[in-house]
Structures are given as structure tokens and as C-alpha cells.
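Participant: Chains A and B, in that order, give the protein sequences.
For the first sequence, the working numbering begins at 29 and goes up steadily by one.
For the second sequence, the working numbering begins at 10 and goes up steadily by one.
These aren't lab readings, by the way, just hints derived from the structure by calculation.
One or more of the hints may lead you astray.
Calculated pairs, DSBU-like style, for lysine-lysine (alpha carbon to alpha carbon, straight line, at most 30 Å) [what the hints assert, rightly or not]:
id	chain 1	residue 1	chain 2	residue 2
1	A	K153	B	K110
2	B	K11	A	K60
3	B	K17	B	K267
4	A	K153	B	K17
5	A	K153	B	K267
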Amino acid sequence: MPAVTAPEKAPRGASVMPDTPGWARWANDHRKWLFAAPAMVFVAALIIFPLAWTAYLSLTDSAGSVRADSEFIGFRNYVEVLTDTDRFWPAVGRTAAFTGAALFFEVVLGMAIALLLWRPFRGEKWVRVAILLPLVATPVAVGMMWRLIFDPNIGLANQALSWVGIGPQPWLAGQHTALPTTIFIDIWQWTPMVVLILLAGLTSLSDEPQEAAMIDGASAWQRFRHVTLPLLMPTVIVAVLLRGIDALKTFDILYATKGRGGGSFHEVETLNVYAYGLSFDYNEYGLSSTVLILFFLIIIGSMWALTARRKGAGR
Amino acid sequence: MKQRAAFKVFRTIALIVVVISLVAPLIWMVAASFKTNVDIYDSAKALVFTPTLDNYGTVLRQANYVQFIGNSLWVAFAATALSLLLGVPAAYSMSRFNMRKSALVVLMARVIPGVSLLVPWYYVFSNLRLVGGFSVLILSHMFVSLPLIVYIMMGFFDGLPEELEEAALVDGLTHIGAFRRVTLPLSVPGIATAGILSFIFSWNNFMFALVLSGADTKTLPVAIFDFVGYASIDWGGLMAATTVVTLPIMIIALFVQKYIVSGLTAGATKG
């Protein structure tokens with residue numbers, strides 16, 4: 029129980045309860061790290077050690093079984109991976125294309141939908157529910173669902189095309205249409221996320237700049253381009269950052285729609301799918317670790333570039 | 010004000026298109042789960058068909074889905090509970106003591122590709138004979154839940170006025186006592202948000218379970234693949250399986266919509 033004789037205002041950080049036991053006082057004085065340390069130790073143990081190991085494996089010829097003897101071979105894996113125009117560079121290209129296209133459409137569509145939802149209207153509740161549904165759906169299940177819809181023979185997509193007189197498309201089964209189709213699936217599932225973030229940003233904007241621009245006779249487009257968009261820019265960059273990290277690492281829908289290796293022609297093999305295949309289908313741990321370290325550097329690099337832009341936009 | 014009326018008509022049409030594009034595929038999936046495989050192949054029976062529960066019979070009885078539902082529930086629940094236990098106090102400390110660099114360590118977990126951790130984890134945990142058991146699965150899912158919870162709760166504690174805790178100190182409580190009796194009860198909405206999102210993310214997680222689960226500990230997203238054969242796909246069973254995974258989470262989402270939105274947009278509008 030707290031002491032009755034507690035002073036008027038307890039100085040921060042000092043324990044002044046005479047009848048609290050010693051351990052409680054100690055805990056109180058060290059609460060900063062007592063609270064934070066368990067979570068940090070947990071994450072650090074599961075990240076720093078594995079990352080260090082991955083970095084080490086990337087310098088060895090480890091393969092077959094991680095337990096098997098492996099030799100230190102320096103940067104030979106890096107040379108092999110970076111000169112691999114068969115699998116590695118195409119995977120880099122696909123990762124960039126997937127992320128770039130998905131982000132572009134998600135931000136443009138997300139912005140449009142967020143603007144439509146900005147001002148209150150009747151039935152708003154139902155639209156918001158519809159927007160939430162793809163977002164919470166299990167990605168693997170979403171992949172399977174679209175696999176049925178895009179099935180060249182029995183899918184709804186080709187049926188719908190036939191109603192408007194367009195011939196059937198191969199969609200996921202085509203060598204050149206598979207990647208765009210998976211990008212479409214990503215857009216379907218994650219545009220709602222961008223909508224929610226941008227809508228939160230729009231709602232937090234004050235009305236005054238808008239009204240001032242209206243009095244000055246600015247058109248709706250001018251108001252968006254020169255008032256709303258600049259004010260919303262920091263939020264847009266947050267959305268791009270959050271979505272971008274996940275888009276780079278997309279795995280579930282690619283594995284669900286095309287299976288191992290991103291399909292028989294590696295049509296949708298991004299860096300993440302490639303690294304997974306090297307690790308768990310081919311047990312090429314040395315090479316896969318090299319790909320992963322390079323992939324990690326790409327992620328950190330793009331994040332750093334974006335946060336730098338965000339700081340610039342905030343000014 | 011003609012322009013205004015025109016905008017309203019345009020907005021209504023545009024929003025109807027948006028809603029249909031988002032919901033129609035899901036309805037199609039649920040509809041297919043009630044069709045026989047013959048009806049799925051018949052385009053004339055796209056919308057009008059005699060519903061059957063056979064696919065659900067296959068999923069729940071033959072494919073052993075009841076066990077996988079239990080696995081998914083247990084892993085998501087345990088990972089969320091443990092992550093809240095570790096994450097809420099950590100977020101509190103990080104918010105009150107402005108430990109931004111420490112927070113970055115935890116948030117790094119969101120950025121790192123899961124595959125780069127799986128090889129070392131697999132090695133260590135298989136040596137400890139833990140692969141295929143629930144403990145490793147829960148541990149790996151905590152890796153997804155914990156950063157999410159810390160991120161959401163830090164934003165929440167940032168917005169909770171410190172004066173309330175100071176008042177509790179004046180009343181003679183220790184700092185930890187004030188956290189327990191004043192801050193925690195006030196944080197219930199934030200904890201609910203973080204907990205719900207953590208549960209959903211864990212329920213939906215695929216890659217960790219793909220590598221670390223065994224035949225008995227399989228979670229639903231992995232079990233879906235049982236319906237995808239090399240030669241052919243049991244579409245009816247597959248759609249019933251996907252419906253079993255997604256529908257519960259979508260129904261939960263309807264009831265806790267506000268929490269999910271506030272969690273997903275946490276910190277997005279701060280400068």
C-alpha cells in the first residue's frame with residue numbers, strides 16, 4: 029500500500045516510499061530498462077544473431093545441410109550472384125517492376141478513393157467496410173481466390189471478357205502476363221491500406237488553407253495540386269514507405285498463385301521468392317545468404333532514400 | 010451549384026464501382042465454395058446454382074481442418090498475448106523516456122525479410138528439436154506481432170497526458186504502481202487495437218509456418234495448399250478452405266472496424 033506520508037510532489041525518478049520493499053524500489057528506479065529490455069533482447073536475439081550468421085554464410089560455400097562442413101570462400105558468392113544474368117538480375121528487375129508498378133497504382137488509386145471519401149456522405153459506413161475487407165483477408169487465400177477467377181478455362185475474368193467480345197487471356201498462366209496479374213492482385217488487396225492512411229492524413233488537415241484558396245477562386249484541381257497535395261505529402265511518403273517495404277518482400281500471393289520458383293519460367297520470381305527457393309528448395313545456403321544480404325541492402329537503401337525525402341518534404 | 014450536383018453523381022458512381030471491385034471477388038470465392046466442381050466448370054451456373062455443403066464436409070472432416078483451425082487460433086492467441094506482455098511495457102518506456110533509437114531496434118524486425126532469419130532459426134531450432142512444435146511457431150509469429158504492438162502502443166502512449174501519472178505519484182503511488190493502476194486501465198483502447206491487429210497478422214502469416222510447422226502444427230494458410238495437387242485442383246474444396254480462413258477474420262473486422270483503422274493508420278499523420 030502507498031505510504032500516507034508521501035510528500036506533496038514526488039521528484040521524478042526518485043523513490044520516496046519508506047515502506048516499499050527494497051526490490052520494488054530498485055525496480056522503480058530502473059523501470060526504464062526493466063520495461064524496455066525484455067522486448068529489445070527478444071528482438072535482438074532473433075535478429076542480430078541470425079543476420080550475423082547470414083552474413084557469415086554468404087562468405088562460405090555452405091550447401092546441402094547447414095550442419096555440413098563449409099569452407100570460407102571470401103566474396104566468391106558475391107561475384108557469382110552479381111554476374112548471374114540468368115536468375116539474380118531478372119529477379120532484381122521483377123522485384124523493382126512489381127514494387128514500382130504496385131506502389132504507383134496503389135498511391136494514385138488510393139489518393140483518388142481517399143478524396144472521394146474525404147467529405148461525409150450517406151452510406152459512408154458501408155464503403156468503409158468494403159475497403160477493410162481485402163485488407164484483413166489472408167494473402168494466401170486471396171492468391172487462391174484470384175487463381176480461380178483468372179483461370180484461363182473456367183475463370184470469371186475470361187468469361188467477363190467474352191461478354192464484351194474480347195478473347196480469352198492467359199493471365200497467371202502466361203509467361204508475360206503472370207507478373208502484371210500478380211501486380212493487379214497486390215493492388216486489389218493493398219490499395220485500401222493506402223486509402224486508410226491518406227484518409228487519416230486528409231482528416232487531420234485544417235480547413236483554412238482550402239477556404240482561402242476557394243476565396244481566391246482556385247479550381248478544384250488547383251486546390252488539390254497546390255494546397256491539399258503539398259500539405260499531405262508527408263503522409264503520402266509514410267504510405268509509400270510502409271507499403272513499399274511490404275511490396276518489396278511480397279511472397280504469399282506469388283507462392284500461392286505460381287508455386288515454387290515463381291512458376292516454371294520463373295515468371296514471378298522476385299528476390300524474396302528466389303532467396304526462399306535457394307534456401308529451402310535447393311539448400312544453397314551460401315548463395316541464398318548472399319542474395320539475402322544484397323536484398324537487405326536494397327531495402328535499407330530505398331528506405332533511407334525515402335525517409336530523407338520525407339524530412340525534405342516536412343520542411 | 011450545378012457543378013456540385015454533378016460531382017455528387019460522379020462520386021456515387023465511382024464509389025459503387027470501387028465497392029463492387031473490392032467485394033465481388035470475395036463473393037465469387039464464397040459462392041464457389043458452395044458449388045460442386047461440375048458447377049464451377051459450368052459458366053451457365055455462374056450465379057444460379059444449387060448450393061451444396063459437400064466442400065465444407067471435405068474440408069472439415071477429411072482434410073482435418075478442425076485441428077488446423079485450433080492450431081491457428083492457439084498460435085495467434087499465444088503470440089499476441091506474449092507480445093503484449095513484452096511490448097506494452099517496452100512501448101511505455103520508449104515513449105516516456107523518448108528512447109527512439111531503442112525503438113528502432115524493435116522496428117527493424119518489420120523491415121528485415123523473413124527468409125534471411127529462417128535459415129539460422131531453422132538450424133538452431135532443429136538442433137534443439139523444436140521445429141514442428143508450437144513453441145517455435147509462436148516465437149516466430151511474435152517476431153511479427155511485437156514490432157506492430159510496440160509501434161501502435163508508442164503512438165498511443167505519446168498521446169496519453171503524463172499529468173495523470175504525476176497525479177498518481179502525488180497520491181503516493183510508485184512509478185510502476187502508477188503505470189499499473191492509472192496508465193494501463195486508460196490504455197485499454199490502444200491495447201485492444203494492437204491486440205486485434207497482432208492477432209490478424211499472425212492468423213494470416215504464411216512463410217514462417219510454411220518452414221517451421223509440422224504435420225500436426227500446421228496453421229490454416231499452410232493447410233490451404235493441401236487442396237492444390239500437381240495435376241489438378243479441387244476448386245470447390247480449395248474455395249471452401251479459403252473461405253474458412255478469411256471469413257472469420259472479415260466478420261471480426263466488421264465488429265472492430267474502428268480499432269483496425271486506428272491501428273493501421275497509427276503514426277501515419279505525425280510530422
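Participant: None of the hints should be skipped; say for each whether it holds.
Facilitator: Each hint tested on the structure:
| no. | hint | in the structure |
| --- | --- | --- |
| 1 | A:K153 / B:K110 | violated, 39 Å |
| 2 | B:K11 / A:K60 | violated, 61 Å |
| 3 | B:K17 / B:K267 | holds, 26 Å |
| 4 | A:K153 / B:K17 | holds, 17 Å |
| 5 | A:K153 / B:K267 | holds, 11 Å |
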